[in-house]
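Top to bottom, those sequences are chains A and B. First residue of the first sequence: 158, per this note's numbering; consecutive thereafter. First residue of the second sequence: 55, per this note's numbering; consecutive thereafter.
You may find that some hints are simply not true.
Unchecked claim - Short derived list, chain A residues pointing at chain B, Cβ under 8 Å:
id	residue
1	R164
2	V178
3	G190
4	T453
Hints listed in this document are in silico derivations from the structure and should not be mistaken for laboratory results. Don't be surprised by glycine CBs; every beta carbon is placed ideally from N, CA and C.
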Amino acid sequence: MPDLDPRVGELLDRRTPRVTVEPRWDDVLRRAGVTRRSVVRMPRRRWLVLAAVLAVPVGIAAAQAHHVFVRYFSGSVSGTPRQVIASVIRPFVGARHIEADLSKARHLATVSVGGHGYAYFLAPLTHGNGGCYFEIVDQVHISSDCGYDSKGRSPSVLTPAVGEGTIFGARTLEVSQRPIWVILGDMPAQRNVTSVRVRFQDGTSDRAATNGPYFSYVVSGEHARPGSRPTALVGLTNDGKVGAIQALDPSMYSLAATERRGRAFGRQITLRFFGASVEGGLARQQIRAQDRVSTTPAKLVQVFGGTAAAYPPHPVVFVLRGPFTIPTYLGGCGSTPSVCPAPVGRWAYFAYLINPDAYHGGRVPSGAIIWLRKAPIGAPYPELSRLGHVRHDGAVLGLHGRGSASRRKHQGRLLVILHRGPRTAATHTPCVYQDRYKPFDLCDGLSRYIAFRRTPRTDQTHSADRVWALIEGSLGGWHGCVVLTPADTRALPDSIGPELRRGIWGGRHIWHPAGTSPPATPRCRR
Amino acid sequence: VVLKKSAPTGFSMGVECIQPEKAAASPAPARERAGATVAEIETVYRARLEVFVRVCVALLGDRELAIDAVQEGFAATIRNRAAFRGEGTVEGWVWGAVVNAAKNHRRARSGREAHAAEGGPERLASRPARVEVFEARGAIRDEVAVLPERQRLALFLRYYADLDYREIAAVLDVSVGTVGSTLHAAHTTLRRALTGDDADA
Numbered sequence: 158m159p160d161l162d163p164r165v166g167e168l169l170d171r172r173t174p175r176v177t178v179e180p181r182w183d184d185v186l187r188r189a190g191v192t193r194r195s196v197v198r199m200p201r202r203r204w205l206v207l208a209a210v211l212a213v214p215v216g217i218a219a220a221q222a223h224h225v226f227v228r229y230f231s232g233s234v235s236g237t238p239r240q241v242i243a244s245v246i247r248p249f250v251g252a253r254h255i256e257a258d259l260s261k262a263r264h265l266a267t268v269s270v271g272g273h274g275y276a277y278f279l280a281p282l283t284h285g286n287g288g289c290y291f292e293i294v295d296q297v298h299i300s301s302d303c304g305y306d307s308k309g310r311s312p313s314v315l316t317p318a319v320g321e322g323t324i325f326g327a328r329t330l331e332v333s334q335r336p337i338w339v340i341l342g343d344m345p346a347q348r349n350v351t352s353v354r355v356r357f358q359d360g361t362s363d364r365a366a367t368n369g370p371y372f373s374y375v376v377s378g379e380h381a382r383p384g385s386r387p388t389a390l391v392g393l394t395n396d397g398k399v400g401a402i403q404a405l406d407p408s409m410y411s412l413a414a415t416e417r418r419g420r421a422f423g424r425q426i427t428l429r430f431f432g433a434s435v436e437g438g439l440a441r442q443q444i445r446a447q448d449r450v451s452t453t454p455a456k457l458v459q460v461f462g463g464t465a466a467a468y469p470p471h472p473v474v475f476v477l478r479g480p481f482t483i484p485t486y487l488g489g490c491g492s493t494p495s496v497c498p499a500p501v502g503r504w505a506y507f508a509y510l511i512n513p514d515a516y517h518g519g520r521v522p523s524g525a526i527i528w529l530r531k532a533p534i535g536a537p538y539p540e541l542s543r544l545g546h547v548r549h550d551g552a553v554l555g556l557h558g559r560g561s562a563s564r565r566k567h568q569g570r571l572l573v574i575l576h577r578g579p580r581t582a583a584t585h586t587p588c589v590y591q592d593r594y595k596p597f598d599l600c601d602g603l604s605r606y607i608a609f610r611r612t613p614r615t616d617q618t619h620s621a622d623r624v625w626a627l628i629e630g631s632l633g634g635w636h637g638c639v640v641l642t643p644a645d646t647r648a649l650p651d652s653i654g655p656e657l658r659r660g661i662w663g664g665r666h667i668w669h670p671a672g673t674s675p676p677a678t679p680r681c682r683r
Numbered sequence: 055v056v057l058k059k060s061a062p063t064g065f066s067m068g069v070e071c072i073q074p075e076k077a078a079a080s081p082a083p084a085r086e087r088a089g090a091t092v093a094e095i096e097t098v099y100r101a102r103l104e105v106f107v108r109v110c111v112a113l114l115g116d117r118e119l120a121i122d123a124v125q126e127g128f129a130a131t132i133r134n135r136a137a138f139r140g141e142g143t144v145e146g147w148v149w150g151a152v153v154n155a156a157k158n159h160r161r162a163r164s165g166r167e168a169h170a171a172e173g174g175p176e177r178l179a180s181r182p183a184r185v186e187v188f189e190a191r192g193a194i195r196d197e198v199a200v201l202p203e204r205q206r207l208a209l210f211l212r213y214y215a216d217l218d219y220r221e222i223a224a225v226l227d228v229s230v231g232t233v234g235s236t237l238h239a240a241h242t243t244l245r246r247a248l249t250g251d252d253a254d255a
């Protein structure tokens, strides 16, 4: 399959030039029926359910505070919520037999606020430890997250996050943009916990609603104010003893703190995708290419210095090639120059590594990316080949079209006269090597043929053949002429013949009629 | 256990390449993606808006219509963000919605034009713009326009959007091999069109 032919690329460039468009994200949100405020403050919704077996639901409670109406339901999930949840349940990747068990799902709480209903559901997994939470807004929009521990540990161990991996596996979810949060979790059966109380900064506590092994508590009103926010979950056994305690971060129940975390998260996004957006502090047009290579700490030390202990055991190195001219901080990078990748100045390249051991899917935590070098203009490009096999990508960053002329390598030009039956045609083929474009098979094939033959004969004749090709020109320092037939190419090694055959007779060239009475004996000029 | 990638854009800082290694080496708990976040979609929007618009301009031949299709496509992804399964990148998923929106716009325009051809009120408004576009692009536009829809779309996604075969396959809902053959056919047709010669001795 030919990749983008430069000529076709030019054609397409002329047909539809690049466009400049002013982003109107607010318009997108308006069309989607979403307000910006609610979007910005939406938290990460992740939660881990530890138990695999559900008991009979036991708790029903109700609460109403500050225009918030909370209902805790028992029983299984049915009706519209069941259909909505079923629409998103699917097996885990790589573990096809594991998925959320809808038959054991429980509806834990519904929070009505601002005319909208936020319903929260929990479901264990069909196998192993883990489960999923689901949030359905107005019975239409759903978001969910699942997790399970492949080693069957209880409590499960997941990426560090507030609440996750702790004794209750509790997760706090923000409700809309209001100072309302829902704490979901389960009661650790191994500690004989049968009830849960939420402890607050002011020393008071309140009982959480339970549903089977799960519990739920809605934080709102006075408990969202400084000095009264939640500080811990306390699991009690039947005889009133404390079976488990999980500390809670009171700042989790502060909108201001949530917003700060949102901004920090935004910086992570910026860090991760800076190459794709000028908002990330780096104009993507300046990124000429990206090199990446998997390596070892010892090799990293040789190329980038430092100590092996400072590097993760399986680093993957990325280098963005410039030159970069950064006139000002973009995308809020002025306040976080240590995080943003593109400090003001002129730079030759940016090198960083990703630690795959710190990346567990989803968003890249800040610790997973380590800067290696921000090289000023004039700095020599690192010898990445010393790190291992380098994968070079000059197209991934949107370098549409022709690229810079300096990166194109013209290796020659060939005239091909092709004779087939009564017809003769000719074509000129440039052999251009460029990151983005795969050269014609003819160029590749012929170069290998030349290397294979070393000194191809230039006086070949094939008068007896009805099909032949005369190739004349220059290629990579070779100047000459060869005459080939399909039979010739079939006699070549598999690494050469098929490609050469494709290049000549594969129909990739635009042929110009060269007359109907070809010379009976094609012969290269001496 | 295989971890799921959830890169919000096509340019994922190499996450694709490290993901399989991680999956093979680590016993860490797996995560299933259900739903994309608005932040992820916004990241794609801000990073790749002009590319989305360019493809839609190529498809629709009208800048304003293209912008509208892109806006609508992104809005659709937000409305349906819970349906994202994390099988590919968020951007790849968004592309499907935007292309669908562009197709809807084209169908709607076809309907309007059919109405205009019968003397409808939009006739005067729509005709000059189309003539202008056609004349500006000349014969090249003809050659691209006569390509089958799938070929055109694959070509635009490959060239303008820089999507790889796998992503194009997801948008077109075809196999990766079909993408290759589709692009090959489109290239062959266009190369011939460049010289006005279809001889293949």
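Quiz prompt | Hints violated by the structure (numbers, ascending) | solution = 4
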